[in-house]
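Novice: With chain A's structure known, arrange chains B, C and D on it following the hints.
Chains as they are written, first to last, in my numbering: chain A, 1 to 340; chain B, 1 to 340; chain C, 1 to 340; chain D, 1 to 340.
Keep in mind that a hint or two might mislead.
Note that identical chains are pooled: a pair holds if it fits in a single copy or bridges any two copies.
Claimed, not checked - Calculated cross-link-like contacts (lysine to aspartate or glutamate; reagent style EDC-like; alpha-carbon spacing at most 20 Å): (1) 266 with 51; (2) 40 with 261; (3) 40 with 22; (4) 139 with 67; (5) 266 with 133; (6) 266 with 123; (7) 266 with 53; (8) 139 with 329; (9) 266 with 43; (10) 139 with 43; (11) 2 with 22; (12) 266 with 105; (13) 139 with 254; (14) 2 with 329; (15) 2 with 261; (16) 40 with 185; (17) 40 with 215; (18) 266 with 185; (19) 139 with 261; (20) 2 with 248.
Derived by calculation from the structure, the hints in this document are not laboratory data.
Residues per chain, in single letters:
There are 4 protein chains.
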Amino acid sequence: MKSAAILGASGYGGGELIRLIDGHPELDITYLGAHSQAGKRLEEVHPQLGDSDRILEQNTADLDGVDIVFLALPHGASAHLASELAGRGVAVVDLGSDFRLDTAERYEAAYGAPHPFPNQLGDWTYGLPELVDIGDTNKVAAPGCYPTATLLGLAPLLAAGAVGFDSIVVNAVSGVSGAGRSLSESLLFGAVAEGVAAYGVTTHRHRPEIEMALEAYTGRAPVRLTFTPHLVPMLRGIHATITVPVSEGVTANDLRGVLADFGDGKPFYQVVAGPPQTRWAVGSNRAIVSVYLDESTGNAIILSVIDNLLKGAAGQALQAANLMLGFDEAAGLPASGWMP
Amino acid sequence: MKSAAILGASGYGGGELIRLIDGHPELDITYLGAHSQAGKRLEEVHPQLGDSDRILEQNTADLDGVDIVFLALPHGASAHLASELAGRGVAVVDLGSDFRLDTAERYEAAYGAPHPFPNQLGDWTYGLPELVDIGDTNKVAAPGCYPTATLLGLAPLLAAGAVGFDSIVVNAVSGVSGAGRSLSESLLFGAVAEGVAAYGVTTHRHRPEIEMALEAYTGRAPVRLTFTPHLVPMLRGIHATITVPVSEGVTANDLRGVLADFGDGKPFYQVVAGPPQTRWAVGSNRAIVSVYLDESTGNAIILSVIDNLLKGAAGQALQAANLMLGFDEAAGLPASGWMP
Amino acid sequence: MKSAAILGASGYGGGELIRLIDGHPELDITYLGAHSQAGKRLEEVHPQLGDSDRILEQNTADLDGVDIVFLALPHGASAHLASELAGRGVAVVDLGSDFRLDTAERYEAAYGAPHPFPNQLGDWTYGLPELVDIGDTNKVAAPGCYPTATLLGLAPLLAAGAVGFDSIVVNAVSGVSGAGRSLSESLLFGAVAEGVAAYGVTTHRHRPEIEMALEAYTGRAPVRLTFTPHLVPMLRGIHATITVPVSEGVTANDLRGVLADFGDGKPFYQVVAGPPQTRWAVGSNRAIVSVYLDESTGNAIILSVIDNLLKGAAGQALQAANLMLGFDEAAGLPASGWMP
Amino acid sequence: MKSAAILGASGYGGGELIRLIDGHPELDITYLGAHSQAGKRLEEVHPQLGDSDRILEQNTADLDGVDIVFLALPHGASAHLASELAGRGVAVVDLGSDFRLDTAERYEAAYGAPHPFPNQLGDWTYGLPELVDIGDTNKVAAPGCYPTATLLGLAPLLAAGAVGFDSIVVNAVSGVSGAGRSLSESLLFGAVAEGVAAYGVTTHRHRPEIEMALEAYTGRAPVRLTFTPHLVPMLRGIHATITVPVSEGVTANDLRGVLADFGDGKPFYQVVAGPPQTRWAVGSNRAIVSVYLDESTGNAIILSVIDNLLKGAAGQALQAANLMLGFDEAAGLPASGWMP
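Bound-form chain A, shown alone (with noise of 0.2 Å):
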């Protein structure tokens, strides 16, 4: 058994990340941290897990015996404390957007101020396992919840030409657990139920982390698109709907032949043939993608769906950590979900 520490554990994801690896064969818990939870009972702040005698210890990077620790920390929280732990080797695995990106000048483009390590960001892995090797690395940032829903049904098709860079248009919708456990008055029974609307229109953050990463695994840059994410009211899930014109000659046969093929032996993957249901990949790690064409004006409609704390956040940080700890890379993930 390896030991895993789990920094920001009250938030969702942090709660998701110690069901996990509470059934996790070859992983132990052996801290827990939190910051203005810390000192509680981990049953007042997580009451879905049970009886406990757990504590929340304070967020720390003094943890050095420890094989892995998971960072479920706000933007902005994560920096300070994956540089310290990265600089004494521990392996990290930072589910925070802090450095998803490639370099300086993106991520002061991204978020308006510079990172206070711009040096260090190059250093770290894209932990995205369907894209990028996750290799020998002790430093994974790990992808964002519509990146991962967007890459995973957009990537392997311009990689393999057949669909074109120009007027890719990305719209996805987001149940409302993506957005924290904070409190703000958007997030408000009252004003989420029986209602959608978009934000962060023209402005969200994961799309230029979802440039780079098609730029990286691409090849080819800079890669350019609209992205348009909507709040809906539901807990959990995200659906993205991609709008890309086809090249030329490509068929509806071929673009499913590339998902096909892309999906083959990876274990988080499916393919389907009709519109997948955000529900078919609730509480399960996979992936599920479908493409259409649409004849009458040459695009290419590619609809993804995942779990956005599971395979969007705690379930592919996990699947990542599998790698780098040389355990099987499903070790301890649902592929099964949860109906209704």
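Specialist: Here is chains B, C and D on its own, set in the frame of chain A:
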């Protein structure tokens, strides 16, 4: 007071028509028709409408003394009744899709079967009062819900030349009531709650309806667009997100100015600065629109929301009827919505 | 036309009051007051009400020319304003709880603190028009939402002697809007959706309010009952389930007869044969009640539903105001609800 | 590894059984049976379970080599299969209601028709492991969802004499999955969302089941109680609120002590201090209970929550099967739930 009949009174659209006309200052309901529910007391079929002695009669075209007839029937069921009523000179507003398209060719392409009365298709007015002069017609085909939301955001900008006709991408999400009150496994709470999925990908019949209306309003043909509708877990509301290239030199202010000018004097058209929420429109007959310029790609992102049962169905039908009968356009129609 | 002011206009109850009074044939809103939202445009605070030039002013008692003032303030915030307005002779309907209870003792027992104006408690009329003659008062304390639902089912049967005073058990569930628009972790979508829990077990302040109103209506004291409220994942609606022993010899028909007689001539009281759904009442000012006799245990089971924001708050306040101002009791109040 | 068959695999309970047993360390699924869905690929019927070559076969009793058979069939459909399987000596866990009641009289009173095999009724063990010794039986009738939630809160307190047998009032609310996956107008999203209603008032068949189990566990008969179930707009979860007079001299601490002692050593029984939320149990096999003393009326208020598809159906069936097969009681069963 003038008199109104409602055929197909048992569905969601029929129920909302009854509620609205019951509160209309110049219109009385004198006949309620239904098909399988005929013979029941209104209270059994629409318990939200309270205690009442009213009975649902059989759907019929034998309604000569009635000033206006609303047809709220399933697709395919209204063509014969509508045709017969119109032939007798009775004013008709058809909420169904049978007479929306303008030519036999377009109908057959969309619906996969010939129209039963192809010669009558051109006689009907497409009842979107913000775009079409209802004038003196006594035959109105009320638009579909997705076309209403899409057209009210897109048509003014296309007509003004502010955005281009190539690469129009429409993504829309709808609450469940848009699918009607029919018994289908895909509409069970256990299938809808906590999930999102696209449907009718590349084949939804509202796409040719939108294209037709844009051709008629802008004078340019053919118009082609990609349209992907999605079902989300809520009862009411449609949100359309339209991505389209802006014309050379057009600014964000120009885009907003076009919409503001278009809305001037229109009682049910509101332009807002940020992203509109569907809930702001639910319970009201308003469309609420917003537009952004994505500098990075040169696309406009147009957001448009309506209540699919009011501005997208019963409200819009009554708005057209008001104009046909010489009433104030807004008579009996709520501008305020419900919240929460 | 008479004039109305609304203080506390920024909450859910305030928003519904604005919507209702905007549609009232004899009442105009001449002042909108708020606290932390004062200075904002109405559209920012209640976007569902559409475009408007109206501004939220400061809450104030300086409203001498106004015919009636509605107070829709949080608990504890209305006592001083209400007292000052009433002292000036301005007609007041207080939607809050500060003047509902009849004695200083009962208030202190319920709220754990002395009332600021204990001598004034007896001067206010408990504004439940179906049970209390509103008469010539100009000081009305509108009932709470749970008491309204409970009393309209239980009080007529108790007063008629059809059921007994011992072993009254009231279980109720409420939609989230009953808790108001306040920012609380327990009201986040992520905390409410897909969950049910009881709250205020044995301590909810609506219990003494119900007991007081039953004592006043039946003339018997003290009345004691067990009351357990629950929060369920919906926006609006209260469902009360009341279990109480039937009196010797009383039949199911007798029970229904008592309720039917009670409801006779009341515009917002409906007796139904089967279980009423909260949705039938949502959007309307109706209470809908039903009663069963459980032969096996000798208990009556009374079911009562309302829209907590209409019959349970804004609608009931306007109903009382109509009576205070000499208008038709139902003026400006919807009897029909919304569905779906 | 031992082998399991699931008949009625296409429903919600069947789907959860497949998911659980797929993760069980000592049990393999060797046969999946269905009725109208027989012949389909598992993926078509349970897309949440992912890609699979498994096919749904016909329901059958010809399963002699199988170590245990789970029946997840509609009411009335399991009696013959269960009887035939049991007659061959195959171990059976019946999730349906056909063999839950103990006598022909009670069955006929509850279901309004004679039982097809009245002589076999007494041979089945009521499979609630916290109350009943599963022992060496090979015929288990798994309890209903409402009885499970109610009994786990009420039975220990009744048996200890801490509360009395008179005036037991049980109110319960359930998520929609409790009604199964059947196509019914009352289960449409448009009928369920944003609404609450009671059903089966005075007549629900789980009432006699609860009474029977209480009689068996406490040794006192007859037990009579009032039971009112309600449907609320959520997918999973049951919340039972039980009001019952406390015995002379019993304190709140005494009540909690009885439940704590009862739960000692039980892996799926948790006692909490405040009101439990159904969400804390969803995804887990735990029951979570709490108890209050209402000093004003002398009543105990017992709150009990479970996931109706796990502890209320598939999880409990597997828990019983573990005991029948000599496995650890908790094998393959999650104690942690999902949140949000």
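Novice: Please list, smallest to largest, the hint numbers that this structure does not respect.
Specialist: Numbers 2, 6, 10, 12, 13, 15, 17, 18, 19, 20 - these are the hints that the structure violates, sorted from lowest upward.
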